[in-house]
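Assemble the dimeric complex from its two separately framed chains, guided by the hints.
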Amino acid sequence: MKNTSDITKGGTASPLIPQKPSRLTKLRESDLWFSFWSHPSAIFAAALLAFVTITAFLAPFISPQNPYDLGALELWNSEIPPIWDAQGQWPYLLGTDTQGRDILSAILYGSRISLIIGFASVILALSVGLALGLIAGYFGGWADNIIMRIGDVLLSMPFILIAILITAVASASLPTGLKDVLAAPILIFAIAVPSWVQYARTVRASAMVEAKKEYVQAAKLIRVKSWRIMLNHILPNCMTPIMVAATLNFGLAILSEATLSFLGVGMPPDQPSLGTLIRIGNQYLFSGLWWIVVFPSIQLCLIVLSVNMIGDWLRDALNPKLR
Amino acid sequence: MIAFLIKRTANAAFVMLAVALLAFVIFRFFGDPVEMMVNEQATQQDRIELRERLGLNDGFVTQYTRFVTNAVQGDFGISYRNQQDVMVLIKDRFPATFELVLVATVISLVVGIPLGVLTAVHRDSRLANILQLGSIIGVSLPSFVVGILLILAFSVSLGWLPAFGRGDTVDIGWWSTGLLTPSGRMALILPSLSLSTFQITLVMRLVRAEMLETLRADYIKFARARGVPIRRVQWRHALRNCLMPVITLTGMQIGNLIAFALVTETVFQWPGMGLLFIQAVTFVDIPVMAAYLMIVSFIFVALNTLVDITYAWVDPRLRDDAARAGGANG
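Protein sequences appear in the order of chains A and B. So the first sequence is residues 1 to 323, counted in full-length UniProt numbering. So the second sequence is residues 1 to 330, counted in full-length UniProt numbering.
Same shape as in the complex, but just chain B (with noise of 0.2 angstroms):
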């Protein structure tokens, strides 16, 4: 087990520096730093004392160093746009993209669990046929579009509901939630919904493909003969036996929410992570990409990471098997 936790840890390790190679490269070539940080004033000499402040005349290897060093203690340096430091910009809006993301989950989870059990038990039903169409229209729904047709329906035609923002917050601390007051909680609905999309009909799916399986366990076909009401049988014993996949699915599907609440943000010009990421390409913010980057990536790997030495705890069979095969992973 230790070995398989070393070689895993090693393997996430490895995969971070490359992301942060990447972060560095764009961060250094793509655009000078000192000609996007200077003002027009500046004077040559300015110029050749803020590279050598900066280290740029280090060697590469030197210079790639610092970054990952600095990264590691959270300093991405200063945005190029608004001249802030890069962690409080992004530690500001962490919290709104947590949130909705946040939310999504839980909404995919109540909403796509029930379903994936209804399509599994009541198979070939007509019930069942449209949910399962819906699943795939779902599936081919681009979540802009969703958010879209939300703002259309809701905001402007039924004007229920707030198209874009994130309505009053409260702090508490650094955190400001927008879950404790009702515009707050009116201002996510929308936005939560089409970024839940996709994944509803990803937990339904496999609900759906679990259930089936299960079902024709043994165990099941026990438990009936033992006279447990069949509803029981279905929601009880055959469903907690198929929650472990849903758990690694919704576990490792947070990163990729996180990436992907970019465009939700977007539409909805929701205050979070994502529109600053967004906004960054636009003004060819580097820094702030850079950051962005690496702190998705590395919530996306710690993720992964995670569910994998979960896995190996829960069932010792892949552990040995993903020791021996050198765990080829990512």
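Chain A extracted, bound-state conformation (with noise of 0.2 angstroms):
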């Protein structure tokens, strides 16, 4: 963690503060940029995401079919093997499903809908984190005690527990039409739920540290809003292993949206994300039609496994004690 009493700019990398030398060579000129191109792993894994992301926001211009489109669907086609194999169909790289439906085009689909389930739970998750743990650690007093003791109880029940009881709840109590529009969404707050308190115990405490420190009493004396120290100087200096945590937990919670919709509670068949797509395949595991269910989890492992690769190179790169 970066010494943090000096107010001047710049000596941080946070994005929060201007800075003057222009963002790029400051970049260059990092330790973690030169650690990102020494490490073949996390190169290899940043290059594997980057590929995975941008086919499955490509989806809609490359696959060969629409997943979603029911019309498109022609059930002649359906049970085709991949393309390798001597019943092989053209366009049907990767073979189709019972219902016709092209696996290749499903998985760049469903990679789609699983990255954005991910992406917006950490984010969720983060910003109440870090609101919360700022004012938990900051103001102290009865809020941090709500904050945390609620905190408490989430820690103490299982992260799979919880977002299968909150998914299962609000498909319980929603009308049928509107649970399958609304399954991302519940999703996303299912995965967020579990996952904030990680990154409200981090920042709290530091903001617990930092907010004895004589430049925030200073501060305070000039009048600076509350939210502005709160923002402008405690939150960058606790940064850190926030990114690494969240991360990590990027990966964490594309897993969890797959398993929720691998149990069954999660994204409805008519959208599937990759874990609906695993949860389909798994029914014909028996009827020799494997590449329904091999291709997408192979997706789904690939994904989670750049992501955790390039967590862990960051955490190591990022650990002073390391350098």
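The hints are simulated quantities; they were obtained by calculation from the structure and are not laboratory data. No residue lacks a Cβ here, since even glycine has one placed at the ideal position from N, Cα and C. Where hints are given, some of them may not hold.
[Unchecked claim] Reference listing, derived: stretches of chain B covered by chain A, where coverage requires no fewer than 3 residues with Cβ under 8 angstroms from a Cβ of chain A:
#: 1; stretch: 134-141
#: 2; stretch: 299-313
[To be verified] Negatives, chain A to chain B, calculated, CB over 12 angstroms:
#: 3; residue: Leu32
#: 4; residue: Thr53
#: 5; residue: Ile62
#: 6; residue: Ser63
#: 7; residue: Pro81
#: 8; residue: Asp180
#: 9; residue: Pro236
#: 10; residue: Gly275
Spelled out as structure tokens, the structure:
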């Protein structure tokens, strides 16, 4: 963690403080940039993640078929094995499922859903966690007590259980039509609820330390607003561990979404995420249609693997003890 | 010590009350219990009587207190779906989950510890690098994907192992065990492997980190200088000093494993508590959901508290720090 008592600008690599030497040069001279290019695994993971993300978001333009358009599915195109099999057919590179849905297209669209839900839930958890952590650490007192107690309770239940309960309760209390429309927001919320606590605890710990320092006292004296002190001075100082946690949690969020969808409390079959696709494919495990389940599984593993590799690298690169 | 003990127990009790509140709110306010219990022919009069009998007209606090009192006595009501006592249902299913988690834990220790020592001892060797890569892949593999791939390989392609169910079981009192029959043991292999994948990598990483630290200690150098063979130093002197954190991790992870077993149980149609819970979720069988939530959380909280107390008992520094900090950790 960098020393924080200097208010001079440019001491930290924070995006919140304007930096005079252009950002690009600063980035290219930074330790992180150097560390990245000297770790082949980080480069590989970043390239893989970039490839997966770009193809997922270009899905409407590059995929052979629109898997949501049920009218485009032809039943005589069903159960086609991958292209390298003798019975394989162009353009179904990875084969089709029992309804004639192209697996590759379904994977591209499904990855997009998985990535969006994972990303959104991390952002939601991050904003809530940072806000509550700052409030708890900076003001202390009863606010601190209430926030941290709620956090304690959430941490004393298994992550996956909380997420399942939220999705289950939400889908039980919503009317059928609304349930499918709101599936994605419900999942984002369900994954964010158990994960904000970690950010809140990290921020709270450093906010408590910072709040006692002289520069914060000085800022208070000249009547800088509390939220400005929190956002401009305290927050940048705890971003390092937060960034590492957020990266690793992004992987965890994608995994959780897939698990929930696999269990049948996530995305519905007509707008499948990777987890839903695996759930669907799982039903044909014993009928020899292995490609329906294997390819979405590989894609899911590649996404999570690349995110975790980046997270691991980031944790080592930002750890001052290892420098 | 006594102050710490009381504080820690009170904390755990508070957490359990909060979980109970959550379970109660879900039970009471999502779906009307009366509508769930009566059949279609029930008259308005029947419904009113049932509502009165269940005490649903009482105040919130009274109902919550009754819910907690009943839960403490193991009474979670009647399942909406098959009209059976929820506690009986869970008691039937508990041994299956317990054996699965137990075997998965044993596998994770038996495989994870040696792998962790190897990667630490042969640091930077090719083997260690491969194992490190393997561990990050292990963390990234969703457990249901591991399960599905295992089924594809060992059940569908090779036909060696059963893909679902528990095999034959033997009853010992109310406990039904699959460990004593050949088919029960065969059925356990794939589910426990798939449940332990994540745990193996966790144990391995922890042992590696601890070993790297321990191997730098003076007493290790001293043992080497005294002429103790290097393997003996690594596998006995050093490893022993790394085991405490591993035991802690294992203890704390059991709660997580029980929760995660529900995914494994779904993949392998393993007749445990988790499968019961997932089925309850599908049928909105709220008493079963509430009971499962409370039981799993109870095991989770109890283990964490036990680990904390053991630590404080072993290490007095923690006790004082924790007492001063107000035991902030749930």
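Verification of the supplied hints:
1. 134-141: Holds, because 5 residues of the stretch 134-141 of chain B bring their Cβ atoms closer than 8 angstroms to Cβ atoms of chain A.
2. 299-313: holds (count 3)
3. Leu32: Holds: least Cβ distance 20 angstroms, greater than 12 angstroms.
4. Thr53: Consistent with the label, Thr53(A) stays out of reach of chain B, its closest Cβ about 16 angstroms off (over 12 angstroms).
5. Ile62: Label holds. Min Cβ-Cβ 25 angstroms, cutoff 12 angstroms.
6. Ser63: For Ser63(A), whose nearest Cβ neighbour in chain B is about 23 angstroms away, the distance exceeds 12 angstroms, so it holds.
7. Pro81: Given a closest Cβ separation of 15 angstroms, the condition holds.
8. Asp180: 16 angstroms, holds
9. Pro236: Given that every Cβ of chain B is farther than 12 angstroms from that of Pro236(A), nearest at about 25 angstroms, it holds.
10. Gly275: 8 angstroms, violated
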